[in-house]
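**Student:** Taken in order, these protein sequences are the chains called V and H. Numbering (numbering that gives the first Met the number 0) for the first sequence: 0 to 487. Numbering (numbering that gives the first Met the number 0) for the second sequence: 0 to 94.
There may be inaccurate statements among the hints.
What the hints assert, rightly or not - Facing chain V, according to a computed beta carbon distance under 10 Å, are these residues of chain H, among others: (1) I2; (2) H17; (3) T22; (4) D38; (5) A52; (6) R60; (7) S67; (8) V89; (9) P90.
To be verified - If the Cβ cut is set under 7 Å, some of the chain H residues that face chain V in the computed set are: (10) L10; (11) I37; (12) L40; (13) T45; (14) I48; (15) P50; (16) A78; (17) P80; (18) V92.
Because the hints were derived from the structure by calculation, they are not lab data. The C-beta atom is built at its ideal place from N, Cα and C for all residues, glycine as well.
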Amino acid sequence: MHDLTLAQMCHGLARRDFSSAELTRHLLERIGTANPRYNAFITTTPETALAQAAAADQRRAAGDAPALCGLPIAHKDIFCTRGLRTSCGSRMLDNFVPPYDATVVERLAAAGAVVLGKTNMDEFAMGSSNETSYYGPVKNPWATTCVPGGSSGGSAAALAARLVPGATASDTGGSIRQPAALCGVTGLKPTYGRVSRWGMIAFASSLDQAGPMARTAEDVALLLQVMAGFDARDSTCLDRPVPDYAATLEQPLAGLRIGVPDEYFGAGLNPGTERAVREALAEFQRQGAHLVAISLPHSGLAVPAYYVIAPTEASANLARFDGVRYGHRCADPVDLRDLYMRSREEGFGDEVKRRILIGTYCLSAGYYDAYYNKAQQVRRLIRQDFLDAFAKVDLILGPTCPNPAFAFGAKGGDPVAMYLEDIYTIAANLAGLPALSVPCGLVDAKPVGLQIIGNYFDEARMLNAAHRYQLATGWHRLAPPALTEAAA
Amino acid sequence: MSIQRADIEKLAELARIHVNEDTVTATTLGINRVLELIDQLRAADTTGIAPLANPLDATQRLREDLVSETIDRDALQAAAPAVEAGLYLVPKVVE
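Full structure from sequences and hints, please.
**Tutor:** Structure (structure tokens):
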């Protein structure tokens, strides 16, 4: 039952092959057994999940089944959940119980989804390996000595380990796509403003975007359908109609123009990853798409620009954690300054502190123009590269990450080595473009991802391309060997 | 551009994060690595390029200046470390 996709579970529930209560109980048992091995969940919610499942079964019996009625999901622990601890992977929020639900949480609940728990993540979504979580790293189900990617590593690992068929996640520089690639699942970062961020704990507000993860593009479409749409409570959320994503999934790809950027196939790309991505491109050609060589000349500046913009915004956003209104407070503060200084020292981990200090530096008197303003100018150049490319092509395809999952501690000594794992994902955030990752092969017995970048609000076309690719290939159906061996 | 230990102390004060004596050397090294990375931006020719703050060039939506929602003070303050009579408690600020 745990191998089924959301779409298959939906059919099974509709045919009364099984109930949501049975499905939920089965997955909760799996989580109970397997989570100690993967550490994918920070919090599980068996009691409320079973109550939600029972309610969903009743609604279905009464002939009132909304889109996700009785389907089990998990939320990244960055989304506020009313009455349920929301830690953001940080000691700072270890005791934080929000008084409200994020819009995404509200919408999925209204559509009938059953929430199994909150998934592990890099602290405040700052990381590409899940090693910065206060709750310990998530382990990659494909190789438990390796990282699952980050920051949404808990959601990705839970999907790969068949603990849950769908999950929410967030992406500031690759935090949906990179763990999706490293764990062999499908994840979409929508256009900036497509999905409400209200109640999603802020990291870098001009880059952050919420999105879905699942094991197939069809399931991602199902979740995005519910998550997307206008929300007056998020001032950056855009009021644009949400298309019917399922309606165009099957469209043939004949005549589709696919841009292949030279800069995404240069030095630093693992040869195995390159081979897998080129084979995927050939599959699109077989389906009638045209490959067009393009250039995104400012790609090399994306990581440097990001590490000015993201830390500056983080330093402002994380100023709210002051030990006064919520979150960690140090013991016995002697005065207000001491309360701030020690609460923040104790509450934040090393990577978060590093980024706050860098952001503070970039915004300090005398450096604002040299760093922040300059980075925002480069950001416009990067966006212009994409605008020029989308005048000629419909989609841009390339690798999601340069390498498959790396071992724990492999990038420990050097923050920049870790940052460069996001070299292909960051530009889409700077430009606000939608981008998704689908599994496209194995390298050293670990999954690698194909990245599909679309034009603004063109998620339907990206999902169509990803779905057609998944109809013709089987990479997304592969389960980690440990799972199939255990079942045999 | 690289920064020294004294700069870290100033940044720590601005950011209101105490930096421990044991970690100040590692913190300085890590930040200098990142500054080397972002210094690559200097090579970019950005003459006449306007900064881009919102990727969609969107501007803030306006609304009527009316009360749109009310908050439940008790529910919000339930997450606070120290509260009394609806107020947040902090160490004495004024003698």
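**Student:** Give a verdict on every hint.
**Tutor:** Comparing the hints with the structure gives:
| no. | hint | result |
| --- | --- | --- |
| 1 | I2 | holds (7 Å) |
| 2 | H17 | holds (4 Å) |
| 3 | T22 | holds (8 Å) |
| 4 | D38 | holds (8 Å) |
| 5 | A52 | holds (6 Å) |
| 6 | R60 | holds (6 Å) |
| 7 | S67 | holds (8 Å) |
| 8 | V89 | holds (5 Å) |
| 9 | P90 | holds (5 Å) |
| 10 | L10 | holds (5 Å) |
| 11 | I37 | holds (5 Å) |
| 12 | L40 | holds (5 Å) |
| 13 | T45 | holds (4 Å) |
| 14 | I48 | holds (4 Å) |
| 15 | P50 | holds (3 Å) |
| 16 | A78 | holds (4 Å) |
| 17 | P80 | holds (4 Å) |
| 18 | V92 | holds (6 Å) |
This entry satisfies every hint, going by the numbered hints stated previously.
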